[in-house]
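The listed protein sequences correspond, in order, to chains F and H. Quick note on full-length UniProt numbering: the first sequence kicks off at 1 and runs consecutively. Quick note on full-length UniProt numbering: the second sequence kicks off at 1 and runs consecutively.
One or more hints might be untrue.
No distinction is drawn between identical chains; accordingly, a pair holds when it is met within one copy or between any pair of copies.
Claimed, not checked - Straight-line distance between alpha carbons at most 20 angstroms, and here's what the computed SDA-like set of lysine to any residue pairs gives:
#	residue 1	residue 2
1	Lys85	Tyr154
2	Lys159	Tyr6
3	Lys20	Leu147
4	Lys20	Leu101
5	Lys31	Gly71
6	Lys85	Phe217
7	Lys85	Val130
Quick caveat, the hints were computed from the structure, so don't treat them as lab data.
The residues making up each chain are set out below.
2 protein chains.
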Amino acid sequence: MQTPTYIFTDDFSGFEEVFKAAPHRRVSFEKGDSLWASGQPFSPIYYILSGTAMTCIHHEEGRRKILSFHGRGTVFPVYHANQFKIERSIVTQALEEVEALEFTGAQFRGMMQENFSFTDAVIDWYASYVNLLLYETAHQEYNSALLKLCNLLYLLSDKKGGPDDRQIHLSQEELADVLAVNRVNLSRHLSRLRQEGIISTGRKQIQVLRPDLLADFCSSETV
Amino acid sequence: MQTPTYIFTDDFSGFEEVFKAAPHRRVSFEKGDSLWASGQPFSPIYYILSGTAMTCIHHEEGRRKILSFHGRGTVFPVYHANQFKIERSIVTQALEEVEALEFTGAQFRGMMQENFSFTDAVIDWYASYVNLLLYETAHQEYNSALLKLCNLLYLLSDKKGGPDDRQIHLSQEELADVLAVNRVNLSRHLSRLRQEGIISTGRKQIQVLRPDLLADFCSSETV
DNA sequence: CGACTCATTGACGTAGCTCAAGGTATGTGG
DNA sequence: CCACATACCTTGAGCTACGTCAATGAGTCG
Numbered sequence: 001m002q003t004p005t006y007i008f009t010d011d012f013s014g015f016e017e018v019f020k021a022a023p024h025r026r027v028s029f030e031k032g033d034s035l036w037a038s039g040q041p042f043s044p045i046y047y048i049l050s051g052t053a054m055t056c057i058h059h060e061e062g063r064r065k066i067l068s069f070h071g072r073g074t075v076f077p078v079y080h081a082n083q084f085k086i087e088r089s090i091v092t093q094a095l096e097e098v099e100a101l102e103f104t105g106a107q108f109r110g111m112m113q114e115n116f117s118f119t120d121a122v123i124d125w126y127a128s129y130v131n132l133l134l135y136e137t138a139h140q141e142y143n144s145a146l147l148k149l150c151n152l153l154y155l156l157s158d159k160k161g162g163p164d165d166r167q168i169h170l171s172q173e174e175l176a177d178v179l180a181v182n183r184v185n186l187s188r189h190l191s192r193l194r195q196e197g198i199i200s201t202g203r204k205q206i207q208v209l210r211p212d213l214l215a216d217f218c219s220s221e222t223v
Numbered sequence: 001m002q003t004p005t006y007i008f009t010d011d012f013s014g015f016e017e018v019f020k021a022a023p024h025r026r027v028s029f030e031k032g033d034s035l036w037a038s039g040q041p042f043s044p045i046y047y048i049l050s051g052t053a054m055t056c057i058h059h060e061e062g063r064r065k066i067l068s069f070h071g072r073g074t075v076f077p078v079y080h081a082n083q084f085k086i087e088r089s090i091v092t093q094a095l096e097e098v099e100a101l102e103f104t105g106a107q108f109r110g111m112m113q114e115n116f117s118f119t120d121a122v123i124d125w126y127a128s129y130v131n132l133l134l135y136e137t138a139h140q141e142y143n144s145a146l147l148k149l150c151n152l153l154y155l156l157s158d159k160k161g162g163p164d165d166r167q168i169h170l171s172q173e174e175l176a177d178v179l180a181v182n183r184v185n186l187s188r189h190l191s192r193l194r195q196e197g198i199i200s201t202g203r204k205q206i207q208v209l210r211p212d213l214l215a216d217f218c219s220s221e222t223v
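Kindly produce the complete structure, drawing on both the sequences and the hints.
Structure (structure tokens):
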């Protein structure tokens, strides 16, 4: 039974050879580059070979909401036929150097038509994205800022790895922009968790010292 | 360029004959019935022949979030292979008598594999649902309760119809549960709009008198 | 070393939540 | 058709979590 993920990776890496064999354009982006011009509905589709990109939506009042992160072996945006107004506000930026293969919608659709297990992967991707968004809209929305934060830290920290792997390399501003809470308020809740010995904080990094105690703070929809 | 929709209808009605020809079970639900037992991840898929159903998520603290409405000619839930934890909290209820055709995931996947234009419809459905959820997570989240309400009224009211069609037959509690705001607070904002002559309210119904003035209150992501 | 960006802490305002009481349609059974 | 119950709606008063503004501190980099 799956919990939400903010970080997409390797959900298409089984098709890397298919991507390389299909007609495409090879592209690379420097840190900070946008994958497409902002203000436009998106049209190309990227399969990421290496690097990480971050997708966010800019609100007309000047805020931004960070939606998800896309690493190697995944695709963004995923194929769809219709254009939506909100796409114009969506921006995907490289957080580090990104190497990718670029496809048109028609090329991508052709690959789905030829290979139905590829279509399965597309459906899986959509289902995961819907799951993340449902979690945010229908669950996190009702939680206090502290609970939201604990849930996010829990989901972002790598439960499998050792203590050194349980680091989250995001600034407080970025965390605040994922949760749609105020940066100052977020800082206060982080100090609380720091005082309780659950995390330690540094510049652009948070380490989860006690995942067990953190889990106690989280909602049952999360752990 | 599409704006979000809360009410899904007729996005699969072009395939009604395909549904009827495929192996299925015919089912009907009385007003108030759930389409599947609550607390379970869902497994059957329904094509709705008539009636309307409402999907909501129950939060562990006792609140509920109304997600979407599903009328004739649409499908819910749409096919996916993985199971997600949050599905256990999702309930879809008949708002009136619902006649539907029930399919298993395997049957549904078979139909997608046989008929690629059916797969196109599934992708369109997912894209619309993601669009709605992005709108809620990344746009409405940052709006004040009044702006949220105006946006919702605008999206729910039938812009094509005449004055009598611009009625919304939902209780204030249901509207509040769509917007994740307090019922009392919602009532106050409705009185404001009533005082401005934009809407008239009654028991379980709101009529939009001046769609033009309402649009002025809405955000640009909505109109 | 200076100029960033990032993080912390305090003081204060307010939108929205909660509790509570009362009002008004709608439906039902006698 | 009326009495009563029930759901739905309205309005008031007070609280609080979060947002905003502002000033200061603490890493990092050229």
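Quick rundown of the hints versus the structure:
Within a single copy, Lys85 and Tyr154 get their C-alpha atoms only as close as 33 angstroms, which misses the 20 angstroms cut-off; across copies the closest is 15 angstroms, which meets it. For the identical chains of this complex, Lys159 and Tyr6 are intra-copy neighbours only, at 14 angstroms inside a copy versus 36 angstroms across copies, given an alpha-carbon limit of 20 angstroms. Neither within a single protomer nor between protomers do Lys20 and Leu147 lie at most 20 angstroms apart by alpha-carbon distance, with minima of 43 angstroms and 47 angstroms respectively. Within a single copy, Lys20 and Leu101 get their C-alpha atoms as close as 8 angstroms, which meets the 20 angstroms cut-off; across copies the closest is 41 angstroms, which misses it.
Taking the shortest alpha-carbon separations for Lys31 and Gly71, only the intra-copy value of 14 angstroms comes in at or below 20 angstroms, while the best inter-copy value is 46 angstroms. In this assembly of identical chains, the alpha carbons of Lys85 and Phe217 lie at most 20 angstroms apart only when taken from different copies (18 angstroms versus 38 angstroms within one copy). Taking identical chains as interchangeable, the C-alpha atoms of Lys85 and Val130 lie at most 20 angstroms apart whether they share a chain (18 angstroms) or sit on different chains (12 angstroms).
Against the hints set out earlier in the document, a violation occurs for number 3 only.
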